[in-house]
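Asker: Residue strings, one per chain:
2 protein chains.
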Amino acid sequence: MSGQNSDQLHRTTLAIYTSIMEQFNPGLQRLVTLGNNYIQAFQALAVTSEAYFSALSKMGEQAMQTMSSRLMGDVLIQISDSQRRLTNELEGVFRWFHSEVLREMDDNVRLDKEYILNSRRRYETEVRNQASALERQMRRGVPQDGSEYVHFLRECQREALKEEERRYRFLAEKHSSFTQSIAYLMNKTGGGLQNRAEGWKDLVNHTRESRPRTPSRVEDSILDVNRWAEQPLGTVPSRGVESLF
Amino acid sequence: MSGQNSDQLHRTTLAIYTSIMEQFNPGLQRLVTLGNNYIQAFQALAVTSEAYFSALSKMGEQAMQTMSSRLMGDVLIQISDSQRRLTNELEGVFRWFHSEVLREMDDNVRLDKEYILNSRRRYETEVRNQASALERQMRRGVPQDGSEYVHFLRECQREALKEEERRYRFLAEKHSSFTQSIAYLMNKTGGGLQNRAEGWKDLVNHTRESRPRTPSRVEDSILDVNRWAEQPLGTVPSRGVESLF
Numbered sequence: 001m002s003g004q005n006s007d008q009l010h011r012t013t014l015a016i017y018t019s020i021m022e023q024f025n026p027g028l029q030r031l032v033t034l035g036n037n038y039i040q041a042f043q044a045l046a047v048t049s050e051a052y053f054s055a056l057s058k059m060g061e062q063a064m065q066t067m068s069s070r071l072m073g074d075v076l077i078q079i080s081d082s083q084r085r086l087t088n089e090l091e092g093v094f095r096w097f098h099s100e101v102l103r104e105m106d107d108n109v110r111l112d113k114e115y116i117l118n119s120r121r122r123y124e125t126e127v128r129n130q131a132s133a134l135e136r137q138m139r140r141g142v143p144q145d146g147s148e149y150v151h152f153l154r155e156c157q158r159e160a161l162k163e164e165e166r167r168y169r170f171l172a173e174k175h176s177s178f179t180q181s182i183a184y185l186m187n188k189t190g191g192g193l194q195n196r197a198e199g200w201k202d203l204v205n206h207t208r209e210s211r212p213r214t215p216s217r218v219e220d221s222i223l224d225v226n227r228w229a230e231q232p233l234g235t236v237p238s239r240g241v242e243s244l245f
Numbered sequence: 001m002s003g004q005n006s007d008q009l010h011r012t013t014l015a016i017y018t019s020i021m022e023q024f025n026p027g028l029q030r031l032v033t034l035g036n037n038y039i040q041a042f043q044a045l046a047v048t049s050e051a052y053f054s055a056l057s058k059m060g061e062q063a064m065q066t067m068s069s070r071l072m073g074d075v076l077i078q079i080s081d082s083q084r085r086l087t088n089e090l091e092g093v094f095r096w097f098h099s100e101v102l103r104e105m106d107d108n109v110r111l112d113k114e115y116i117l118n119s120r121r122r123y124e125t126e127v128r129n130q131a132s133a134l135e136r137q138m139r140r141g142v143p144q145d146g147s148e149y150v151h152f153l154r155e156c157q158r159e160a161l162k163e164e165e166r167r168y169r170f171l172a173e174k175h176s177s178f179t180q181s182i183a184y185l186m187n188k189t190g191g192g193l194q195n196r197a198e199g200w201k202d203l204v205n206h207t208r209e210s211r212p213r214t215p216s217r218v219e220d221s222i223l224d225v226n227r228w229a230e231q232p233l234g235t236v237p238s239r240g241v242e243s244l245f
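Listed in order, the protein sequences are those of chains A and B.
For reference, each letter of the first sequence is one residue, going 1 to 245 in UniProt numbering.
For reference, each letter of the second sequence is one residue, going 1 to 245 in UniProt numbering.
Every clue listed holds true.
Which copy is meant is left open, so a pair is good if it fits within one copy or across any two.
SDA-like, lysine to any residue: derived pairs with alpha carbons at most 25 Å apart:
hint, residue 1, residue 2
1, 58, 32
2, 174, 90
3, 174, 21
4, 58, 23
5, 174, 84
6, 58, 96
7, 188, 81
8, 58, 85
9, 174, 96
10, 58, 77
11, 113, 57
12, 201, 109
13, 58, 102
14, 113, 125
15, 188, 86
16, 58, 115
17, 201, 189
18, 201, 54
Honestly, the hints are just simulated from the structure, not real lab data.
Hey, can you work out the whole structure from these sequences and the hints?
Answerer: Structure follows, in structure tokens:
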């Protein structure tokens, strides 16, 4: 060995390999597990969303068969369709996350264990060879300043740092792509969705305004619980009990 | 009774009450149950998302402590924070959905059963009273064309239709508001998220370009599996086995 400098270089290079093996790769493996849970939870959400909006769509079909609420039925079916499309698109993002992030992380971490272990063994062997060659030459009296050996150690460290860097870079790239694909979906869908939702509100409001109202009675105004934000109703007996709606 | 017209009016009015009681309200009750499942599934997703991005953030903190990947660490922490904020905002939308849609549907359907039953009973009693008064008058020889009775039946039907309509309108309004709140979140968040994600990609790419590359060897180029989309590495022994990354 050639003093503190090469010892330090050697130790930090080993520490980089150790950190990849004992921190990065187990962390990546844990991410794969947690990511699979995340995807399963999304799939469960998609199932409950489908059940909800399919039931809402059926309410829309019921409304289509009434004399009073055909337009509302149409709106309810459109809302359901629109939510289902959104869930489908999100399913696409999660499929991408599975195939392009989780599966690649899983493949990499599986293959990396052996690769990094071998790299580290080869490095250690080469360090031993070079160190003993240096010592042999020095014992034989061949003049050596050790600078070639230090240069070799520096190169090895530089490569180890690159290994580490490319692993974190992969992680950062994959996850910024994931965020990007969510943002892309939001930007693609958000504007149209907002317009449609406003259109539905207008349509629905229009049905309220376009009907003639019966004149309200004082006692109705007082008793009216009016949960559905409607005007109090008229004088027919069916409105004799207090209104909940 | 006064002929087919009033009979028909009476039957369809009863059918409207029946439809509210036997179709609309049970449908609404079912939506409440499905909606609660939907919210529970979202909460489960939020938990798995938090676990995933908290683990990713820890990887970022690890990277911050390296010599090679501080910037990547910073990016990973930012990505995690950004996804957590998004989940928090979605939690707000689902909280709103719970309090403003599901809870109101649940309250309404609970109160409506008795209300609609009473309305229908009162309507039937009033119809019987008016019909027998009409018959009594006709028996006494008081001239009656029944038009007042038909007018009464029409008004009752009009009110029953309004009851039905306001119930479907409530459903359509609440759900277009739900879609609107999702769309609002998408529009508010999507643009900034896309910009940030692009910024992260640029930063991460910059780390790749700004490092000097060691010249590649032919055998490395051939063997390089290059899973992390990196250039083949240099001549140090740690790259002696084939590269997985």
